[in-house]
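Which chain is which? The protein sequence lines are A and U, in order.
Note that the first sequence covers residues 1 to 115 in this note's numbering.
Note that the second sequence covers residues 1001 to 1112 in this note's numbering.
Any given hint could be a false lead.
FRET-style restraints, in silico, Cβ to Cβ [unchecked claim]:
(1) K1015/U / L41/A: 28 to 34 Å
(2) F1039/U / N84/A: 23 to 29 Å
(3) P1040/U / K18/A: 28 to 34 Å
Below, in silico cross-link-like pairs of lysine-lysine (DSS-like), each with a Cα-Cα straight-line distance of 30 Å or less [stated by the list, open to error]:
(4) K1042/U / K1005/U
(5) K1005/U / K1057/U
(6) K69/A / K1005/U
(7) K1057/U / K1015/U
(8) K1005/U / K1068/U
(9) K69/A / K17/A
(10) K57/A / K71/A
(11) K1058/U / K1042/U
(12) K1057/U / K1042/U
(13) K1071/U / K57/A
(14) K65/A / K17/A
(15) K17/A / K71/A
(16) K18/A / K57/A
(17) K1042/U / K57/A
(18) K57/A / K1058/U
(19) K1005/U / K1058/U
(20) K18/A / K1058/U
(21) K1042/U / K17/A
(22) K1057/U / K65/A
(23) K1015/U / K1042/U
(24) K1058/U / K1071/U
(25) K71/A / K1042/U
(26) K1005/U / K1071/U
(27) K65/A / K1005/U
(28) K1058/U / K1068/U
(29) K1068/U / K1057/U
(30) K1015/U / K1005/U
Source of the hints: derived by calculation from the structure; they are not laboratory data.
Here a beta-carbon is modelled for each residue, glycine too, at the ideal position from N, C-alpha and C.
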Amino acid sequence: EAQVTQNPRYLITVTGKKLTVTCSQNMNHEYMSWYRQDPGLGLRQIYYSMNVEVTDKGDVPEGYKVSRKEKRNFPLILESPSPNQTSLYFCASSLRRGSGANVLTFGAGSRLTVL
Amino acid sequence: QQQVKQSPQSLIVQKGGISIINCAYENTAFDYFPWYQQFPGKGPALLIAIRPDVSEKKEGRFTISFNKSAKQFSLHIMDSQPGDSATYFCAASPGGSYIPTFGRGTSLIVHP
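Kindly generate the complete structure, drawing on both the sequences and the hints.
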């Protein structure tokens, strides 16, 4: 089944304790992206990657890191989490269509709570 | 600044009614306008999309209306059902870009 898999789905952690949220896709998609979803603010892009070893900042990159060493994986790293990073996180991927009609496939989400 | 403005933030409709969600954009370079549907506990998924060369696209009970001159587009859900209760996001992408800009979402509740 074509899908984007995120882990963990739920995580409670404490301020300053480094964590990684993994994302993997099995569709050979070039483009991958991380979003956070907060009430009233919708989906805000954190980082994205056009292909292996190519990453760029989205709208809210502060406090996050990413890497794209393999095409299928795009982990999100919070090196020193803070309570304002408590949110619902989504990984998404798509083919790079020249027409711009990119259909994003989203993971099921990772709910992170930072105490 | 919001490049895609979505309204209303929440919407309550009776079963069988019409749900209407509106979006407006500023960037005239946008040329692909998808709508995503998100059920509780799930990630968003593509529902329907339109290009600006047509004014309307219909798929079942879901219709996108597009007004290029006004830079507005809307989602109409006819005969709304409780199973349509979800959060709906409009989005827009410039030509040749893979990066959509999302509206802030509309939480739709359809009462039985």
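Hint check, failures only:
6, 18, 20 and 22
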